[in-house]
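Spelled out from the first residue to the last, the chains are:
2 protein chains.
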Amino acid sequence: MESPGVLAASWINIMSSTPPTIAMGLRESRNTLSLIRATGTFTVNVPTSSMAEAVDYCGLASGKVEDKFETARLTLRAGTATETPFIEECPFNLECRITEQATVGSYIVVFGEIVQSHADESILVSPDGDLVDMDKLDPLIYCAGIREYRRLGPKVADAFSVGRALMGVSGR
Amino acid sequence: MESPGVLAASWINIMSSTPPTIAMGLRESRNTLSLIRATGTFTVNVPTSSMAEAVDYCGLASGKVEDKFETARLTLRAGTATETPFIEECPFNLECRITEQATVGSYIVVFGEIVQSHADESILVSPDGDLVDMDKLDPLIYCAGIREYRRLGPKVADAFSVGRALMGVSGR
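Line order of the protein sequences matches chains A and B.
Residue numbers for the first sequence follow the working numbering, so the first one is 1 and each next one is one higher.
Residue numbers for the second sequence follow the working numbering, so the first one is 1 and each next one is one higher.
One or more hints might be untrue.
[As the list claims (entries may be wrong)] Straight-line Cα separation of at most 20 Å, EDC-like style, residue types lysine to aspartate or glutamate; simulated pairs: (1) B:Lys155 with A:Asp138; (2) A:Lys155 with B:Asp120; (3) A:Lys136 with A:Asp120; (4) A:Lys155 with B:Asp135; (5) B:Lys136 with B:Asp120; (6) B:Lys136 with A:Glu148; (7) B:Lys155 with A:Asp135; (8) A:Lys155 with B:Asp138; (9) A:Lys136 with A:Asp158; (10) B:Lys155 with B:Asp135; (11) A:Lys136 with B:Glu148; (12) A:Lys64 with A:Asp120; (13) B:Lys64 with B:Glu28; (14) B:Lys155 with A:Glu28; (15) A:Lys155 with B:Glu53; (16) A:Lys136 with A:Glu88; (17) A:Lys155 with A:Asp133; (18) B:Lys155 with A:Glu53.
[Unchecked claim] Quick list of simulated restraints, FRET-style, between CB atoms: (19) B:Ser50 with A:Asp135: 15 to 25 Å; (20) A:Lys64 with B:Ser161: 21 to 31 Å; (21) B:Ile146 with A:Arg77: 18 to 28 Å.
[Stated by the list, open to error] According to the in silico footprint, chain B covers these stretches of chain A (three or more CB under 8 Å from chain B): (22) 51-57; (23) 62-72; (24) 75-87; (25) 92-98; (26) 124-137.
It should be emphasised that the hints constitute simulated quantities derived from the structure, not laboratory data.
Bear in mind that the values here come from a model prediction, so they are computed numbers and not experimental data.
C-beta atoms are modelled at their ideal positions from N, C-alpha and C, and glycine is treated no differently.
Okay, chain A solo, but in the shape it has when bound:
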């Protein structure tokens, strides 16, 4: 296996539910991007708000000159659906297999189908369920522009629900 790499990704989101697919934009020069393209797989590891220093470091440092996993105290666990490991300290992880790539200026956008997910039992709404409790997950959020890390705030409303009150108020 190639020596694993890790980076901090902010240009990343789900793009399709069927099949569940993530897109991630990375600068073409990133070392970890070469590893991802060589193996055809990657994992997405959601850090908690207490991991800001480790995440920021992984975005700043180069795996070519230092051992980022050792310094940031990140433990690798073997993937179960792909050959790519995921990070134990992150309570939510997705294993992805590349389905498509696109060049956008000096960035490469990699599309990855989510083929496996891992969640610590501690972040689930109920032990036998598959829903993640956002307060328990306590994800680290990156705000571009101002370049701040933030925590997630309080719940405002239920989605696919609060807007029903307005349905049918005005017809065409």
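The hints should help you fit chain B onto chain A, whose structure is shown.
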């Protein structure tokens, strides 16, 4: 001009900084997607946490059967770089021009280059600056899976900064 449409988008993020490009995944059946593809432009309008009901309604209702702008009390303002209007009640808006499209399962991913941005003076860090204060923006955040709307939480650390303490700790 075509009658404008509006929807709630969650599968959306920046994918490239050079040129600044947003990608957005939409179910192929969405009416507003047809409008976007017909005009070749769209605007991204960031709602505040107080707009949860309006946003949720825009995601649930169809512009074919009701006037979503009237019901949700959304005011359209003319774009300055494109022919697509943006929403005045959202304090941050981006005008985008489609550069590429990709089909991912039953979703269409639209890439749009950001050709203009609008920010209310009230959300800026300083009146003459171009940085958005995240507390003043107070964006509505959608959490998939659990289907909750949330607010943004407190600042944890400065990005491109807090991780410097770990640089060079371990060499290769």
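Structure-based check of each hint:
{"no.": "1", "hint": "B:Lys155 with A:Asp138", "result": "holds (13 Å)"}
{"no.": "2", "hint": "A:Lys155 with B:Asp120", "result": "violated (25 Å)"}
{"no.": "3", "hint": "A:Lys136 with A:Asp120", "result": "holds (10 Å)"}
{"no.": "4", "hint": "A:Lys155 with B:Asp135", "result": "holds (16 Å)"}
{"no.": "5", "hint": "B:Lys136 with B:Asp120", "result": "holds (10 Å)"}
{"no.": "6", "hint": "B:Lys136 with A:Glu148", "result": "holds (14 Å)"}
{"no.": "7", "hint": "B:Lys155 with A:Asp135", "result": "holds (16 Å)"}
{"no.": "8", "hint": "A:Lys155 with B:Asp138", "result": "holds (13 Å)"}
{"no.": "9", "hint": "A:Lys136 with A:Asp158", "result": "holds (17 Å)"}
{"no.": "10", "hint": "B:Lys155 with B:Asp135", "result": "holds (9 Å)"}
{"no.": "11", "hint": "A:Lys136 with B:Glu148", "result": "holds (14 Å)"}
{"no.": "12", "hint": "A:Lys64 with A:Asp120", "result": "violated (31 Å)"}
{"no.": "13", "hint": "B:Lys64 with B:Glu28", "result": "holds (16 Å)"}
{"no.": "14", "hint": "B:Lys155 with A:Glu28", "result": "violated (30 Å)"}
{"no.": "15", "hint": "A:Lys155 with B:Glu53", "result": "holds (13 Å)"}
{"no.": "16", "hint": "A:Lys136 with A:Glu88", "result": "holds (16 Å)"}
{"no.": "17", "hint": "A:Lys155 with A:Asp133", "result": "holds (11 Å)"}
{"no.": "18", "hint": "B:Lys155 with A:Glu53", "result": "holds (13 Å)"}
{"no.": "19", "hint": "B:Ser50 with A:Asp135: 15 to 25 Å", "result": "holds (21 Å)"}
{"no.": "20", "hint": "A:Lys64 with B:Ser161: 21 to 31 Å", "result": "holds (22 Å)"}
{"no.": "21", "hint": "B:Ile146 with A:Arg77: 18 to 28 Å", "result": "holds (25 Å)"}
{"no.": "22", "hint": "51-57", "result": "holds (count 6)"}
{"no.": "23", "hint": "62-72", "result": "holds (count 7)"}
{"no.": "24", "hint": "75-87", "result": "violated (count 0)"}
{"no.": "25", "hint": "92-98", "result": "violated (count 0)"}
{"no.": "26", "hint": "124-137", "result": "holds (count 5)"}
In the structure shown, a violation is registered for the earlier hints numbered 2, 12, 14, 24 and 25, in ascending order.
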